[in-house]
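Engineer: Sequence:
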Amino acid sequence: MRIRTLTYVALGAALMAVTAPLTVPLGPVPLTLQTLMVPLVVGLLDRRSGMGAVLVYILMGAVGLPVFAGFTGGLSHLVGPTGGYLVGLILFPLFLGGSVQQSRSVMVIGARNLGAGLLQLFVGAVWLHVVAGSALGVGIVPFLMPLLVKALVATMGTAMVAPVLRQTGLLL
3 MRIRTLTYVA LGAALMAVTA PLTVPLGPVP LTLQTLMVPL VVGLLDRRSG
53 MGAVLVYILM GAVGLPVFAG FTGGLSHLVG PTGGYLVGLI LFPLFLGGSV
103 QQSRSVMVIG ARNLGAGLLQ LFVGAVWLHV VAGSALGVGI VPFLMPLLVK
153 ALVATMGTAM VAPVLRQTGL LL
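Start counting at 1 in the sequence shown, then tack on 2, and there's your number in the numbering used here.
In case anyone wonders, no lab produced these hints; they're calculated from the structure. Since we're looking at a predicted model, the values are computed, not measured. A few of these clues could be false.
Computed spacing ranges between beta-carbons, pair by pair [unchecked claim]:
hint : residue 1 : residue 2 : range
1    : Met109    : Val133    : 30 to 40 Å
2    : Gln104    : Leu8      : 34 to 44 Å
3    : Val166    : Leu77     : 17 to 27 Å
4    : Gly82     : Ile5      : 29 to 39 Å
5    : Ser105    : Thr7      : 19 to 29 Å
6    : Ser107    : Gly171    : 19 to 29 Å
7    : Thr7      : Met162    : 19 to 29 Å
8    : Val81     : Ile5      : 32 to 42 Å
9    : Gln103    : Val133    : 31 to 41 Å
Note that CB positions come from ideal geometry on N, CA and C, so glycine has one too.
Construct all of the structure, not just a fragment, from the sequences and the given hints.
Structural biologist: Next comes the structure, spelled out in structure tokens:
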């Protein structure tokens, strides 16, 4: 990897880490700004760099840095009831990574963003159901409207920032 790529991966992980601890309690799973930052970061990076940023973020939390919701960290958060939402973040680079390199269509980027967000919610809700016995709806329904808003904001943010990065030669 080149230095520029490593810098983008580190910056992306840092942005995720800064936004995740800010929470709004919604039952057993808090609402965080992390799920806004992940698609913004991943949407601007290529698939490999986006995956690197997400994995570095998850690794930072797994080793105990307080980068998860509510300024928490540790492996217990990855295997606990809400761990599926963190593991589900890996879906964003798979579905959204490289979008601005492949398409300039806001509709394509938006559809990928929404699809990744819905899959992440589903993985998290199933995990919550298996680990804590919660109804699947508890892990999905409260997050649908915030997901739509975040997907819209992330898509528009990506669509506005990508041309600037492309023009200056900073887009990976």
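Engineer: Evaluate each hint against the coordinates.
Structural biologist: Comparing the hints with the structure gives:
no., hint, result
1, Met109 <-> Val133: 30 to 40 Å, "holds, 36 Å"
2, Gln104 <-> Leu8: 34 to 44 Å, "violated, 23 Å"
3, Val166 <-> Leu77: 17 to 27 Å, "violated, 39 Å"
4, Gly82 <-> Ile5: 29 to 39 Å, "holds, 36 Å"
5, Ser105 <-> Thr7: 19 to 29 Å, "holds, 21 Å"
6, Ser107 <-> Gly171: 19 to 29 Å, "holds, 22 Å"
7, Thr7 <-> Met162: 19 to 29 Å, "holds, 23 Å"
8, Val81 <-> Ile5: 32 to 42 Å, "holds, 34 Å"
9, Gln103 <-> Val133: 31 to 41 Å, "holds, 37 Å"
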